[in-house]
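Peer 1: Sequence:
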Amino acid sequence: MTNSVNRRARASQKRQQLTAAAARVLHEQGVERTTLADIAREADVPVGNVYYYFKTKDELVQAALSQHSAHLDELTERLEQLADPRDRLKALVEGWVDQRDVAARYGCPTGTLAVELDKRTDGTLDAEAGAVIRRLLDWAEGQFRELGLPDPDGLALTLVSGYQGMSLMANALRDPDIMTREGARLLRWLDSLRPADA
10 MTNSVNRRAR ASQKRQQLTA AAARVLHEQG VERTTLADIA READVPVGNV
60 YYYFKTKDEL VQAALSQHSA HLDELTERLE QLADPRDRLK ALVEGWVDQR
110 DVAARYGCPT GTLAVELDKR TDGTLDAEAG AVIRRLLDWA EGQFRELGLP
160 DPDGLALTLV SGYQGMSLMA NALRDPDIMT REGARLLRWL DSLRPADA
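In the numbering used here, the protein residues as written are 10 to 207.
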């Protein structure tokens, strides 16, 4: 019984290791340039092991999207510890800015994946990438709603669009300072927002 439990735990750990590696490599190289061997190398496992857990690269892409979704859940749970929704939103922006070097090199992990997957003809995984972005929009909308601001869904779209835009520009121009400058602009914007009756 113990051996069976240990085997299952090791298998779960190996699958998680491969999923995390897939998320990193797909972000850095893109879907089309990434091979299963690249992911195996990043996870430090034999390439044959990848096929045991994931039959196709699309299954690994799906696992990477799940990893992005789980990361978003962890992030928003940490942000929820802050009492003020405006502070939560500002901490989110500050977190984006903290990742400026990664954004300048590779772009937004979910955004770049969504754009790349949208160009594929099968049209299956792009909706899943969009769902991760939708979760961020919904969370941000909830923060704006809690602040009593008008048009919370529009404000959430402006915020997330600002992030995607600054990530894209930082990546295209290989300039992490764009994230710093635009992040400061988003922080000032968040501070300027007041409820309609204020």
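Possibly wrong hints are sitting among the right ones.
What the hints assert, rightly or not - Here are the simulated DSSO-like pairs of lysine-lysine, each with C-alpha atoms no more than 27 Å apart in a straight line:
id	residue 1	residue 2
1	128	66
2	23	64
3	23	99
4	66	99
Hints were generated in silico from the structure; no laboratory data involved.
Peer 1: Against each hint, give a clear statement of whether it holds in the structure.
Peer 2: Consistency of the hints with the structure:
no.	hint	result
1	128 to 66	holds, 16 Å
2	23 to 64	holds, 15 Å
3	23 to 99	violated, 36 Å
4	66 to 99	violated, 36 Å
Comparing the model with each earlier hint shows violations of hints 3, 4; every other hint is respected.
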